[in-house]
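Q: For reference, the chains in residue letters:
Number of protein chains: 4
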Amino acid sequence: MADQKLKVGIVGGTGYTGVELLRLLAQHPHCELAVITSRQEAGTPVAAMFSNLRGHVDLNFSAPSDDALKQCDVVFFATPNGVAMQQARALFDAGVRIIDIAADFRIKDIAVWEKWYAIKHACPELVAQAVYGLPEVNRAEIRQARIVANPGCYPTAVQLGFLPLLKSGAADLDHLIADAKSGVSGAGRKAEVHTLLAEASDNFKAYGVAGHRHHPEISQGLDAIAGRATRLVFVPHLTPMIRGIHATLYAQLTRDIDLQQLFEQQFAGEPFVDVMPAGAHPETRSVRGSNVCRIAVHQPGGGDIAVVLSVIDNLTKGAAGQAVQNMNLMCGLPETTGLEQIALMP
Amino acid sequence: MADQKLKVGIVGGTGYTGVELLRLLAQHPHCELAVITSRQEAGTPVAAMFSNLRGHVDLNFSAPSDDALKQCDVVFFATPNGVAMQQARALFDAGVRIIDIAADFRIKDIAVWEKWYAIKHACPELVAQAVYGLPEVNRAEIRQARIVANPGCYPTAVQLGFLPLLKSGAADLDHLIADAKSGVSGAGRKAEVHTLLAEASDNFKAYGVAGHRHHPEISQGLDAIAGRATRLVFVPHLTPMIRGIHATLYAQLTRDIDLQQLFEQQFAGEPFVDVMPAGAHPETRSVRGSNVCRIAVHQPGGGDIAVVLSVIDNLTKGAAGQAVQNMNLMCGLPETTGLEQIALMP
Amino acid sequence: MADQKLKVGIVGGTGYTGVELLRLLAQHPHCELAVITSRQEAGTPVAAMFSNLRGHVDLNFSAPSDDALKQCDVVFFATPNGVAMQQARALFDAGVRIIDIAADFRIKDIAVWEKWYAIKHACPELVAQAVYGLPEVNRAEIRQARIVANPGCYPTAVQLGFLPLLKSGAADLDHLIADAKSGVSGAGRKAEVHTLLAEASDNFKAYGVAGHRHHPEISQGLDAIAGRATRLVFVPHLTPMIRGIHATLYAQLTRDIDLQQLFEQQFAGEPFVDVMPAGAHPETRSVRGSNVCRIAVHQPGGGDIAVVLSVIDNLTKGAAGQAVQNMNLMCGLPETTGLEQIALMP
Amino acid sequence: MADQKLKVGIVGGTGYTGVELLRLLAQHPHCELAVITSRQEAGTPVAAMFSNLRGHVDLNFSAPSDDALKQCDVVFFATPNGVAMQQARALFDAGVRIIDIAADFRIKDIAVWEKWYAIKHACPELVAQAVYGLPEVNRAEIRQARIVANPGCYPTAVQLGFLPLLKSGAADLDHLIADAKSGVSGAGRKAEVHTLLAEASDNFKAYGVAGHRHHPEISQGLDAIAGRATRLVFVPHLTPMIRGIHATLYAQLTRDIDLQQLFEQQFAGEPFVDVMPAGAHPETRSVRGSNVCRIAVHQPGGGDIAVVLSVIDNLTKGAAGQAVQNMNLMCGLPETTGLEQIALMP
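Protein chains in written order, with our numbering: chain A, 1 to 346; chain B, 1 to 346; chain C, 1 to 346; chain D, 1 to 346.
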């Protein structure tokens, strides 16, 4: 692998996931950025849209074309939901490995997916083949996968935080609570009023309490981990910051257990999950721009409620970074290749 | 009352609670700001420290002196914890009404107070006389009080949010959860590293999960409302904004109940609690600079967990505004006098 | 006037200028908010769109209709540029006083206006009748005006800051420099990518260096004050804050002059211009939500360049507050009525 | 050089310059981080103070000791002003290369330095030997230097922006204006009230208009470039963001000149200065965490005033990044080694 670079294509790439993916791939030692498509921006130099890439990325956006993409070893979809499912079949048949950073292949139950995303799914049969790309849960399957559904940002932070508790069998599975807070980049690079600085800055609010698209994705994952149906209350909040998710998780314990030890053992050897010492409080900025999920676990007052604090950068471990991690696994590269950036702090 | 103004004194007043109190009192139609003391700033014009008050407050800070304060009808303590308990007795004996915005008189159990505040209490006997100044719970007692313990910011948002649930008897009192988020002004105008803009901006973190001074205050209030001991997990978080608290509260329901109706009935007629329509999400900015607590209640998925969203401005309803509300009640003024500012939005 | 309220109408009102105008008018003691129109939001309660107004404004948005507006004493246009010029004639003929907070009537030279706003002007003859509503310059004319062009935000801060220098005749009129910084609410409540929190937060940039619509408006004002043509370099910058403009102005002095005295004398008696003591640095937050322009003047190193620091809240003195000030003047009310809010700090 | 790593020491390192230096050095391919001293934090793991370094830096802070530092090839001082001058002589005599990121060796005129820093200089003779570490001006000298005075953040952005104009001889050297805006990390990781989030957020202000320590440093540099005395007005402003400096520079042109060409030619081949196309506006975020100075030049209205927009990350090109660039030059490494990070955007 070391002497031949992977040819990589990106579909989309004008959003935040796209620019983050470009930042990571431009410095990945075993990738050659071969093509990036955007119907709207065809012809525009990538670095004219994202000035941080000046001097690092020479490519222009090109019009979508299966031909160029079919020449690639790996294609990432950094597109809005509903695009990858239109284009994936042709690439799949051409033998290209596919990583969809959007939601098209995440939910196995097509009816559920169609309800939440309000469109008819274009290729349910590929959903069945897709592996859910959470390496800490599905590493072996990802290594064999030809199509990976990259997890959502909230789902990554919440599933990793609940993982040891659910595996331990020591939590009441009917009363799980995920109180999650996200920076506004999670809403994407879309012109919308509610994410304007003048609206979202110096402000805090919950949203989607009645229902959020990430809820069924999280529940599917928690059910799979627990081996039975779980019940989760999921309350997302919009936080006045650019990047970062902080999931505060609550579970009732059904028996005595050493939580610190449980978490340390679960994640021992994981390159991108960092369990902090007992009593610690992870900060979102400590993972800003890095692929790490940083976790602490508490048992306030020695009572029967476990509190897990789980932070990620929504654009890195919650999107583009995890996508590169999946690419490394799918392509037989060391899992951490190109992903050892230190978080920018302050 | 209308033709004679209350003489008002402030002890302290160089912190955020102080400047907020000055903003409110400077435009209160029935108050005359008579004296404001600060050992450190004696002689400094108040408006030289807080330039927003130029043209509105002509007073200088003066050295602490019981004499000037004893001439007042009402004295507010906007001091660090542990100051009011030293000076309150003399003023109390002189017949001055006292409102302590710090924590000295909030907790009835002196041993608990001394544990959390790590100092010996100087006048436990006044604690017994002090009324806890949450008007939505103790309005009648406040009207008669000569000394009021103004509630903390988190305790205001959390108690008001839980109030209807606890009164209804429909909540599991052993598994209450308060996931609370505060702007950094809640930490006060103190030179500290962790609240620097370069530390706290574009960042989110929990803190004090193992224990926070507001926990016993909240529990004391919840127990009183419920009429029995409750168990609460309280997780405060630092949010990159100046003002505002958002409390997200979780309670397991023990029977069917119409939550929207419950909340609307509880707060019908309350001038400073606004129950939003079903499905709403209050924003902290909607109460920025106003004395309102804005609340919404949800029952996600029709399940057995109630989710309450409760927002206040920590410096207004969570401190200085509620203190003025208490002053109005203690002095026989209409409760809303001087407190009808509209929140600044955007 | 005191016993009869002005009937006030607002056209538009779904933007930031609109909500700020509503905040001010809802508590103005001599106004009755009679009608507010919005084609798009007709039927929506105003307080459903702006939750800070819950309990303060009961009105619904109504469909645009000259009839209701013609019943008003005063109509404000809080609309995008190009709307007021379509509707003003009918109201004007009906004897309604008009205040346009947009740009339609600001520039006397119609050709210049049409170049910068890229539309044909619908009623040039009203432009000739309109008074430029900067009270510190045109107070007498505003009192007589039937139609007022409310100044832009940058133009207010820049003209007030340069005013004493230009009147003194001690500045080189060919090398004026205005380095201006604005919060993002100056861009309006429009869904655009560049003002998203994820784009504009933790970032600083200049824009429009080659040309900005406020440039001809400022130059027209400076020329009028100076009594001859001036030359100005105007560089606006986008600042990661919600409200506030800070104009840093540079002028070469052509003779010795006591700048502090010059500024104090110019603005003595002005209710909404506050000249700070020598050596001071005004902060934008010191005017947040207030109608004040706060100014300091410096002469670094005793050299031949004067530096003026001029701050306003772009939505208050830079838009809605100044509009209410103009209404007060036009309608014979005390100029400060309803405008004595203290800035919210912190 | 490639097969043997430089032994690097850091004195100080608990501030923002320190943590940024650690981020860069921890991933520098030719450095071994040998020792980091802090009197106050001796014994503390570096990663316990800066959680972004968990897993990347294993070192503990150690007590200051010349012995360990004398074993190093290079020692960086990331200390408050006045520390390096106490310790530099011993290290210098031991043959260690020294890079002072503070101000001790920046100003050649000791009397001027002592006036602005208000302390007596401890080793004026080393000041004479120190090379001012702005590679775009002094590259050859830096390569030979044994002690480098790393430039201040404002001075870097301002000198690089003025450089082509001063070299061209086409600017009026008596009326240079630098209107500079800095994020709050420029004030350091010090507990101070004015840089608290609750003070500095949603706010903008100038400071130090009467005089700032960076003024004499900038003027010394401009004089050297121009070959004669220049006169500069320098107005720094505090901006509500973490990182970034935006210098807006104004110079009167004394003759016709193609500014775009002038700038492009001056910086052709410079690895860390990026001249943008004509008409562009650089954003501070486009260099966040990178060692780039990004520049655009304008001539508004074709008039006689040149406007230069120059942005850097104050902690990278304005401090730690430039220090590593200097180390690379001093030690014969390729200048860009370890400094090719792409800016984090958004």
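Honestly, I wouldn't trust all of these hints.
Straight line, CA to CA, 27 Å or less: simulated DSS-like cross-link-like pairs of lysine-lysine [said to hold, decoys possible]: (1) Lys167(C) / Lys205(D); (2) Lys190(B) / Lys190(D); (3) Lys190(A) / Lys167(C).
Honestly, the hints are just simulated from the structure, not real lab data. This one's a predicted model, so the numbers in the text were calculated from it and none came from an experiment.
Q: Look at each hint and say if it fits the structure.
A: Hints, one by one, checked against the model:
no. : hint                  : result
1   : Lys167(C) / Lys205(D) : holds, 26 Å
2   : Lys190(B) / Lys190(D) : holds, 12 Å
3   : Lys190(A) / Lys167(C) : violated, 47 Å
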